[in-house]
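Each protein sequence line maps, in turn, to chains G, E, F and X. To convert, count from 1 in the first sequence and add 37; that's our numbering. To convert, count from 1 in the second sequence and add 37; that's our numbering. To convert, count from 1 in the third sequence and add 37; that's our numbering. To convert, count from 1 in the fourth sequence and add 37; that's our numbering.
Think of the hints as simulated: they come from the structure by calculation, not from any bench. All values derive from a computational prediction rather than experimental measurement. Relax, there's no trap hidden among the hints.
Repeated chains share a single entry, so a pair holds when one copy, or any two copies, can fit it.
No more than 30 Å apart at the CA atoms, straight line, and that leaves these computed lysine-lysine pairs for DSS-like:
id	residue 1	residue 2
1	Lys-243	Lys-313
2	Lys-81	Lys-313
3	Lys-150	Lys-243
4	Lys-150	Lys-57
Protein chains: 4
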Amino acid sequence: MEIVQQLQIEPGMSINSLVKGMGHCGFGARRLSQAMNIYEEMLKGDFTKFLTVSGAMVPAGMREIISGLIRGRHVDVLVVTGANLVHDIIESFGCHCLGSAESDDAALREEGKSRIYDVFLRDEDFAAFEELMQRILPDTEKVLSGRELLRTLGSGIDDPRSILRSACDMNVPVFCPALPDSMIGLQAWMHSQTKKLTVDAFADVKEIVDICYACQRSGILIVGGGTPKNFALQSMLLSPRSFDLAIQLTTDTPENGGLSGATLSEAVSWGKISEKARHVTVYGDATITLPLLVAGALQGLEKDGS
Amino acid sequence: MEIVQQLQIEPGMSINSLVKGMGHCGFGARRLSQAMNIYEEMLKGDFTKFLTVSGAMVPAGMREIISGLIRGRHVDVLVVTGANLVHDIIESFGCHCLGSAESDDAALREEGKSRIYDVFLRDEDFAAFEELMQRILPDTEKVLSGRELLRTLGSGIDDPRSILRSACDMNVPVFCPALPDSMIGLQAWMHSQTKKLTVDAFADVKEIVDICYACQRSGILIVGGGTPKNFALQSMLLSPRSFDLAIQLTTDTPENGGLSGATLSEAVSWGKISEKARHVTVYGDATITLPLLVAGALQGLEKDGS
Amino acid sequence: MEIVQQLQIEPGMSINSLVKGMGHCGFGARRLSQAMNIYEEMLKGDFTKFLTVSGAMVPAGMREIISGLIRGRHVDVLVVTGANLVHDIIESFGCHCLGSAESDDAALREEGKSRIYDVFLRDEDFAAFEELMQRILPDTEKVLSGRELLRTLGSGIDDPRSILRSACDMNVPVFCPALPDSMIGLQAWMHSQTKKLTVDAFADVKEIVDICYACQRSGILIVGGGTPKNFALQSMLLSPRSFDLAIQLTTDTPENGGLSGATLSEAVSWGKISEKARHVTVYGDATITLPLLVAGALQGLEKDGS
Amino acid sequence: MEIVQQLQIEPGMSINSLVKGMGHCGFGARRLSQAMNIYEEMLKGDFTKFLTVSGAMVPAGMREIISGLIRGRHVDVLVVTGANLVHDIIESFGCHCLGSAESDDAALREEGKSRIYDVFLRDEDFAAFEELMQRILPDTEKVLSGRELLRTLGSGIDDPRSILRSACDMNVPVFCPALPDSMIGLQAWMHSQTKKLTVDAFADVKEIVDICYACQRSGILIVGGGTPKNFALQSMLLSPRSFDLAIQLTTDTPENGGLSGATLSEAVSWGKISEKARHVTVYGDATITLPLLVAGALQGLEKDGS
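For reference, chain G alone in the conformation it holds in the complex (with noise of 0.2 Å):
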């Protein structure tokens, strides 16, 4: 039987050698280092990796690690909540800004800002937000599927380092199964009022149906649940594949019996995860968890020469 090997800190140690150190311990130390390690699996393997983003990721200053992850090739999929496009949009021209979450809320209501527990945004980044949308959304007869629409959006945004640009230059599909439940969503029905705009609610199905059957081997880093979560896993129902490595980062546990915190062995059952997959499940706060496991991740690759 293994044991616990308590857990050393040394002088310039790398965060991938104290996340394998991580490893010999209990508790979530050990989750992580697992999930660590999954992750350099299906990075350095010829697996078609699936990337979900629920929760305010951009809000809160991870908008570049997702958008890095794509541009160096280890996102095949993006599945991700609407309020992170329009928070990845707003950043390509604005900002958001640190408040705290001990804020008097109608105060700010008159100052116009908007709180996302302590980070703010400002009205005229919201009124730049709908300029820049009546722009560039479409004006099309074509009926659209989602992934088409917001690949069109990408185009439309002059920043490197945005999420959804990235996806278009390194032509990664994004799919967003709540695209209404967004100030997309809302700046899309304005614009539909005069110019013609057409998205079919289930045409996104199709496309990702395709990708879980076309894929070989395939893994998926899930942060955040919600709908995210659930839209990767249910594609692979209609394919005669399941995931093969499998992490989830959420703040969620099982007990309440909801999606988000529903564990990776539960999705066994129904098939959308290999029995026989690596999975792990790192609870905690995702603005944590996901910058060490991908600085851990992108170490141990480079140790590798990979």
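Starting from the structure of chain G, add chains E, F and X where the hints point.
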């Protein structure tokens, strides 16, 4: 300054009395009591009543609380996840089974059971679901809104206790902002390969914004966060109004910055909830807090002769 | 296989019926219902009944539920945190106030109010507490156990609704394994500077182990984890027995490896709980789940004519 | 207003740089970065440094981080749970094993293994622990404080990486406010049946209050809440001072009103922490956040040539 009054347990006391008594306590007890008071006010008054439902509430046994509220005219707008609708449809002819959360998921897979925490679904019920769906999904040239599609589905379900059927009977619009992210989405796509079916992804935005525009005073009961929460709240952004009463039942806490755990106060900074609104968040499993809230509030209404 | 029966809300239904109905549901509802069944069995049967209480239950209004259980002969051994005893003593002459969790803590400090989430304590009540303590703390050559000290304190409290007084009146031993970690500890130390007072830190171990040795069948209701949970469970280790029934109400989940969220199954591996025991953990705020559990179980006992 | 700077992952970046970069992000990332800044200030400056440790940190592999901090003169007062001390003693001659959290606990019981989430302890290590304890527990007429007892135990442990031994070597007082609530308590009671051993439950109160009185500026790192948190904080109440710097690593959140999740701001209302103090709570598993905090802060100290 009001003082804590130690909670009294009395023989034969009603749910309403117990929860009323919690109003003089601290922590979650006080919040639950405030929620019941706000809900009573909402149900008694002239409010447009929104209900949003996320989390696997139907598999967990909360289906008839929801359809009961609809038939009791306590819901004017329902926003819900696709998964809950799938399970509502399955309950109309099949069932969910009581299982164990500590099951062997690979074995369940073999047995044809899919697990949702401690509830199982049998493959035969999914097969019957598919058959029913292919029968009741419309075949029409008309481009539909999601709400129209769901109304059609509701009219095809032969079960008065069904959420979709109840909403159809009572003329309550049902919105599902992530419709493709569910088995309804998968079925709709399969259906559309041989039949005519197009749902406009953004048509629902117009419909719900129109409702928000039209309503005078409004209240919202949010069960479980997710896209239903955001979709309902953001719809107020395009109207001159905001919610006057708001209750949230959630297992998420604010610290991680995600929307499902965001305070209702945060929504005040966005203008989604009025700064004068009465609002409260009850932290905890909605399979416990929702029945208490509803049973307590309905007992309260009766007492008042409403 | 048993199926999920959708929960019914009926006018005037009792707490016992509601919670009974939850037994055919999933998630937290089912666990709460199982807990009520186990608690009814414990209260009806010939079990030595342990109750452990952690978390600020007395400031939050749960004091008379606890003292009521003691006076109703539903508790044979109480293990509790020092803080709850301090607040029990304060309630015997003073009060706790309903405040807001979003208060300005520096301002509260100025006003002489100490905050426990949304409950306040006034400096004058602490002053009266100190005065009372200096009066009722014993002055004796005898080396006392913690239990003996708490009995002496209980006999000095002139309030039948007090936990300590009720335990004294009903001859229920009270253990507080972290006695120095409370204002009682601070007061005892001050007292001992001018009077004779020595409490043997380990004497309680003998006393509770003797109880564990003597009992035939035993059950435990654990409210909130902490040292009371562990102290009661570990006491079984030195006896040939283990708990036959166990209920835990906690907000902690197992994933972080801490004792407060540890599953009761984990305690089986230690031999603290019998492998044949019926046991269940209810996740959630005990200010909600404890009143439900107790009110429901007492209604159940009455129905049975017990 | 400061803006969110999207976090950069760079090849070979240090832990210190990564966490520094998190300071311009939102949510948990920002809190972790603030914690590292406060900890660097604490370690550099002339502060009396308190460390409190709760949760099964030693079984999970954090033992040498703690003893390393002690030997590096970064701890002046240690307050810790009995369980962590028991496991520290066991590690001095035995080991903890890496197991699975999904084990069959009745089978583990048969095999002589006790489980702490995903870590196992073997019966033979407990047996050796008992033997060692009976050997090193003192036999003395003198009434001891808990601190004195723990110092004696520390001097009897032949392992420089031990927390207790390191504290003994470095003259760091160790307080365990719930000493009876551990295997040390059980062993001490057994020992006292044949030998002379009396520990005065309240003697530690005097010792730690004296330290609080004597210190000028003070800082506290709270790992995991529990009695260690409260005992250290309450000790300031009897002194004219309060903590000037405070960091808390916890998985509990404030909403349930328990002390382990209580905000540090709440402690300001009590006068335990100064209203001018810099303080921050990092929510999450301390087996991840503690190594990051310590490794990052120590790298920061080195860079500064401290």
